Amino acid sequence: MLLVPCPYCGPRPEVEFRCGGEAHIARPADPDALDDAAWAEYLFARTSPKGLHAERWLHAHGCGRWFNALRNTVSDAFITTYEMGQPRPDIAGDR
Amino acid sequence: MPEPVAIHARRAPILAPSASGLVRVLPPADRFVLQMKAPRGAVLPASAGGFDLSGPLNTVRGTPERFAARLGPGEWLLVCPAGEGAAAGPAIASDLAGRFFSLVAVGHRNAAFLLSGTHAADILNAGIALDLSDAAFPPGSATRTLLGKAEVVVVRVGDAFRLECWRSFAPYVHAFLQEAAREFGCATSSTRGSRQGAG
Chain A
1182 MLLVPCPYCG PRPEVEFRCG GEAHIARPAD PDALDDAAWA EYLFARTSPK GLHAERWLHA
1242 HGCGRWFNAL RNTVSDAFIT TYEMGQPRPD IAGDR
Chain B
45 MPEPVAIHAR RAPILAPSAS GLVRVLPPAD RFVLQMKAPR GAVLPASAGG FDLSGPLNTV
105 RGTPERFAAR LGPGEWLLVC PAGEGAAAGP AIASDLAGRF FSLVAVGHRN AAFLLSGTHA
165 ADILNAGIAL DLSDAAFPPG SATRTLLGKA EVVVVRVGDA FRLECWRSFA PYVHAFLQEA
225 AREFGCATSS TRGSRQGAG
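Line by line, the protein sequences give chains A and B.
The numbering used here puts the first residue of the first sequence at 1182, with every later residue one more than the last.
The numbering used here puts the first residue of the second sequence at 45, with every later residue one more than the last.
Fair warning: there could be bad hints in the mix.
[Said to hold, decoys possible] Now the in silico label distances, taken between C-beta atoms and shown as ranges: (1) A/D1213 with B/D139: 41 to 49 Å; (2) A/E1203 with B/P100: 29 to 37 Å; (3) B/A60 with A/Y1263: 44 to 52 Å; (4) A/D1211 with B/P215: 47 to 55 Å; (5) B/N169 with A/D1216: 53 to 61 Å.
In short, the hints are calculated from the structure, not lab data.
If you're wondering where the values come from, they're calculated on a predicted model, not measured in any experiment.
Don't be surprised by glycine CBs; every beta carbon is placed ideally from N, CA and C.
The shape of chain B in the complex, shown without the other chains (with noise of 0.2 Å):
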């Protein structure tokens, strides 16, 4: 058998982190993807490695560093800060012990927003078809849904939205929103593609 090499990929964020302006990029963190089913008439665990997996079907439960959000039926998104996920990947797989289930670290896949502030919903429904007011989508609530042309998952975090999409269409996810954001007088210096007469 020949030695196993130790390959260390060189990993960075796609989009530099920022910490004003209403489309926020967030920073790395660590996430993972569980798809467990119950069994016929067993019920599925409330918890697991610390995340509460208790919550119906498009809510999310936790702190908004710290969540679980309940995509399908059977498939939940769990995010946590940075350098945890090393210790929360196999705690939850101990949890889940004698179950049939599916974890895959997911946290260099997804890159992540934050849009803040009164016009964060009015943003996103620039490129979402779904109702984001508060009488549809209160605090609490986290679906996968289309931005453009964008598969992304949306969370609501109190009064902001959280924003995951995946890693190779940030990019474009950024650049959409912050078109999006110039009707709200909300302009950075990096906007792409400031066509004339655009927005």
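Next comes chain A alone, as it looks inside the complex (with noise of 0.2 Å):
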């Protein structure tokens, strides 16, 4: 079973979590100056790096918080979690 670090809970079983899908993804601020492509892009275009990857997780069936984590995407393995709202932070070998 693969643990998660939740940041208010610490290390629980995966079960627990939902993922919200990438992270830092704003919503544009004026949607109707956008044409078709550009709304497009904001909807459905992901990076879906190889390595390293900012996702949102909720710690649905625990605390019930929103979180930001770093996570691996070849590994599986966290590298770190932050609050929601701050910035991506910088991680060596990050990209």
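Could you use the hints to bring the two separately framed chains together as a complex?
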């Protein structure tokens, strides 16, 4: 079983969590000003990297809190977690 | 305006309470979910309505019958014996006057079980992926987690474990625990789903 490090509860089993997809995707301030291609880019285009990936996670069956996490998509290792609203931390070897 | 009609819901426990056995069904209780955030620079109150809210995340404060389990940074499950909720609700609300909070009575939403004995943690671990040993989950711990497919709240009460789950999950949780308990020679006559070769 994969252990996910909740920043509030500590390491907890993966089944308690939901992944919320890529983090740091800001909704455009004025969607009406976008053309279809730009709107589709916001809705559907994701970086999907091989390596470190910033994701949103929800401890749904635990403390109920959202947080951001840096996860390596190759090894599934969680590098770090940080609060929602914080910028992506600089990690050596990132990107 | 039409006259208000008094509607009295018929309320009965989903499972008959049992007084003995390794997996006991507890009698009904009154419960509240309290949600409250501390404003920036302010601190949360240490207590409300006689419930001690000062415990850190994933701990419980109080007695086995009347306790406050902190399930999230700003969320508590408050449990007291059936009948005490009518007085406890207004008492909590008046103690928290002036703050932003949400207090919801959920007494009839939950069912509760008590698991005791040396194999209580082993039985729970049939469906719970958490480490429930003394080192990782000492007396005074409480958390929300999953038992099989059902969300439950586990509260460590001394050497025993109190399990709270939603009322509609209770038959599933009860059958799950009883099947797990068979391995430790604790079968009861009402064990459901006693498949051949199971357990």
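Do the Cβ positions of A/D1211 and B/P215 conform to the proposed distance bound of 47 to 55 Å?
At 52 Å between Cβs, range holds.
Consistency of beta-carbon spacing, B/D139 to A/D1213, with hint 41 to 49 Å:
holds, 48 Å
Within 29 to 37 Å or not, the Cβ separation of A/E1203 and B/P100?
The hint (29 to 37 Å, Cβ to Cβ) holds, given that A/E1203 and B/P100 are roughly 32 Å apart.
Evaluate the given range 44 to 52 Å for the C-beta pair formed by B/A60 and A/Y1263.
holds, 48 Å
C-beta pair B/N169, A/D1216: status relative to the range 53 to 61 Å that was hinted
The hinted range 53 to 61 Å holds for B/N169 and A/D1216, with Cβ atoms some 55 Å apart.
Of the numbered hints listed earlier, not one is contradicted by the structure.
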